[in-house]
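J.: Chains as they are written, first to last, in my numbering: chain A, 1 to 263; chain B, 1 to 78.
No lab work stands behind these hints, which were simulated from the structure alone. Keep in mind that the hints are not guaranteed to be accurate.
[Stated by the list, open to error] Over the 10 Å line for every Cβ pair with chain A, so calculated as not near, a few chain B residues:
{"no.": "1", "residue": "S2"}
{"no.": "2", "residue": "A3"}
{"no.": "3", "residue": "A5"}
{"no.": "4", "residue": "A19"}
{"no.": "5", "residue": "A26"}
{"no.": "6", "residue": "A29"}
{"no.": "7", "residue": "A39"}
{"no.": "8", "residue": "Q64"}
{"no.": "9", "residue": "A67"}
{"no.": "10", "residue": "A68"}
{"no.": "11", "residue": "A70"}
{"no.": "12", "residue": "A71"}
{"no.": "13", "residue": "A72"}
{"no.": "14", "residue": "E74"}
{"no.": "15", "residue": "A76"}
[As the list claims (entries may be wrong)] Just some of the chain B residues that point at chain A, by a computed CB distance under 8 Å:
{"no.": "16", "residue": "G20"}
{"no.": "17", "residue": "G25"}
{"no.": "18", "residue": "F30"}
{"no.": "19", "residue": "V35"}
{"no.": "20", "residue": "Y37"}
{"no.": "21", "residue": "M41"}
{"no.": "22", "residue": "M48"}
{"no.": "23", "residue": "V59"}
[To be verified] Keeping only pairs whose Cα atoms sit at most 25 Å apart, straight-line, the calculated DMTMM-like set for lysine to aspartate or glutamate is:
{"no.": "24", "chain 1": "A", "residue 1": "K211", "chain 2": "A", "residue 2": "E135"}
{"no.": "25", "chain 1": "A", "residue 1": "K211", "chain 2": "B", "residue 2": "E18"}
{"no.": "26", "chain 1": "A", "residue 1": "K67", "chain 2": "A", "residue 2": "E138"}
{"no.": "27", "chain 1": "A", "residue 1": "K4", "chain 2": "B", "residue 2": "E51"}
{"no.": "28", "chain 1": "B", "residue 1": "K21", "chain 2": "A", "residue 2": "D31"}
{"no.": "29", "chain 1": "A", "residue 1": "K211", "chain 2": "B", "residue 2": "E54"}
{"no.": "30", "chain 1": "B", "residue 1": "K21", "chain 2": "A", "residue 2": "D33"}
{"no.": "31", "chain 1": "A", "residue 1": "K100", "chain 2": "A", "residue 2": "D33"}
{"no.": "32", "chain 1": "A", "residue 1": "K67", "chain 2": "A", "residue 2": "D136"}
{"no.": "33", "chain 1": "A", "residue 1": "K100", "chain 2": "B", "residue 2": "E18"}
{"no.": "34", "chain 1": "A", "residue 1": "K100", "chain 2": "B", "residue 2": "D17"}
{"no.": "35", "chain 1": "A", "residue 1": "K67", "chain 2": "A", "residue 2": "E135"}
{"no.": "36", "chain 1": "A", "residue 1": "K211", "chain 2": "A", "residue 2": "D228"}
{"no.": "37", "chain 1": "A", "residue 1": "K100", "chain 2": "A", "residue 2": "D31"}
{"no.": "38", "chain 1": "A", "residue 1": "K211", "chain 2": "A", "residue 2": "D136"}
Nothing here was measured: the structure is a model prediction, and the numbers come from that model. The C-beta atom is built at its ideal place from N, Cα and C for all residues, glycine as well.
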Amino acid sequence: MYGKGLRALSLATFAALTATFALVFFYAPLDADQGFIQKIFYVHVPVAIVTLCAYVLGGIFAALHLKTHDRRWDLRSYVVIHIALIFNIIGLLTGAIWAKASWGHWWVWDEPTLVSFLIVFLLFATYQPLRFSIEDPERQARYAAVFAVMAGAFVPLNFAAVRAATATVHPRTFGTTEGGLPSQMAWVFVVAIVAIALLFALMCCYEIAAKQTRWQLRALRRRLLGSDAVAPLGRSAAPALGEPERRTRSGGTTSRNPAEAAS
Amino acid sequence: MSALAAVFAAAPALPLDEAGKYVAGAFVAFVGVIVIYVAIMAVRLQRMSRELTELHRAVEAREQGEAARAAAPEAAQR
Chain A
1 MYGKGLRALS LATFAALTAT FALVFFYAPL DADQGFIQKI FYVHVPVAIV TLCAYVLGGI
61 FAALHLKTHD RRWDLRSYVV IHIALIFNII GLLTGAIWAK ASWGHWWVWD EPTLVSFLIV
121 FLLFATYQPL RFSIEDPERQ ARYAAVFAVM AGAFVPLNFA AVRAATATVH PRTFGTTEGG
181 LPSQMAWVFV VAIVAIALLF ALMCCYEIAA KQTRWQLRAL RRRLLGSDAV APLGRSAAPA
241 LGEPERRTRS GGTTSRNPAE AAS
Chain B
1 MSALAAVFAA APALPLDEAG KYVAGAFVAF VGVIVIYVAI MAVRLQRMSR ELTELHRAVE
61 AREQGEAARA AAPEAAQR
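Looking at chain B on its own, in the form it has when it is part of the complex (with noise of 0.2 Å):
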């Protein structure tokens, strides 16, 4: 953080006149379009993620339910 405020106060002074909020805004226009794209991929990741452990839950469930039936027989037999 120290270092951040030494480069900031070794920088040149910028001359934000009237020109200044025209260069901001086309600085945050570009990186506002960034950060909504990256959110919609945000998005779209959280869904992924919920369908990934959705097919965990349900893999699982399998392997259960797979070494119940092969635990049953073996029972009977005894």
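Bound-form chain A, shown alone (with noise of 0.2 Å):
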């Protein structure tokens, strides 16, 4: 019932990534000035793009749960951000894999696209333990909730800063001053963004999917074998959704409305 289309996207996303990484290694020319090691950004690039993205995101349907007090729109910036982080991570690994190859250096300290994106990684890196140190499930949402507004207003603050940078030895995959890329280049380059955006949110359903599912699980065994049955919920970052009991000091729980649970 919750994974709906997953299916469907499950095959758009396998589709769109063997596209790409057929495109990237036999149809994408090589680059002139880099040569083989330039395929690394058809993965970094997106990768970094849908990262940056997803964080704004975030902190929309953050917005979203503040304006409606709706759970749901704080499951889906939970989630946004949790997978964003993963993509993160990605990125920092294939960047700094990419700069070993081509200027010797894991990590170069005075680029500022790379310490941006590193600072991006930390502020978000928070968002989870700010979560976790918050007991009362509502208050843990509506903080939450303002730390991904404000961090999520941050990423195109940062990244602007950073364009307006002069002093920068990082490539700029769609730079206007170069000229760009070449069309078959940017081509590639187009469908990899749409395989890795496909991907993001093809987790991103998986992850909500499995939430509520377990929600679900957590209700019908409550209603089947009492309160007792069901273990305490205990502290945790990640949203309660349903108000079906709240959390308790002692780490057990009590329950609030069994039918709501249930619906």
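Now that you have both chains on their own, put them together as the hints suggest.
T.: See below:
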């Protein structure tokens, strides 16, 4: 019931990723300056773009949660930021590998693009501990939403500041002064961005479906076997869904609205 | 399988010199992180599947108990 459309999305993602890999290695021309190393860009750049867009999306979902007080927006914001952090790690890893191949160093501290991407990662890495530190689910959702809105607004500002920086050795993939990408490369880049965006959407959908199914199972168990049969909820960074129970200070749970939990 | 071999045979050779290991490393890092995520999801799915089986058993036991309780007064009346 929650996994509606997951099969179609999975197939589309698989097809798009396969097409991307095939195009990257067998269609896109070799870069005259960087040669074969430039192939890393077809993964690294789309992952970085999707990551930054996802952080902004997480902020938008959080703003919608603050506006509507609907828990589903909090869940979406949480999941989008959670998956974006995974993509951020991929971006940092692939970037470091490219830097080692191209510059001879895994990391260069005086390069604004790299350091700003790391700062964004570290900023959003505090999102989960922030949620975990707040016991009450409603306060947790509200405070996390405020953080996600502020951090989400920081991302485009940070990006603009880095673009405005003059002293940079990091290549500009979609640069205008250098004339941009040749059409064949640009086309493969677009396919790669679509494939990575599909992968991101797929992972978010899986995560949301898994979380909702887990909560429904919990509610069903309580209805069938009683509250004693359900293990205490304890502290968690993940959003509480459907308000079936309240986390207690001792780590146990108290039932709040069993009828609502079953819905 | 033969079709895949034909595709590889027709594909142009890749210049896998010094850069090959770095490009392979980047793509392996990408796929590796995704595979780790899928493995974590599989573990969670297994846990949920176990819980669902347990709930099915509980429902069956409850239904059998109710059937036995309903049959008991009828037997006493006879």
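J.: Would you pick out the hints that fail for this structure and give their numbers low to high?
T.: When the structure is compared with the hints, numbers 4, 5, 6, 19 and 25 turn out to be violated.
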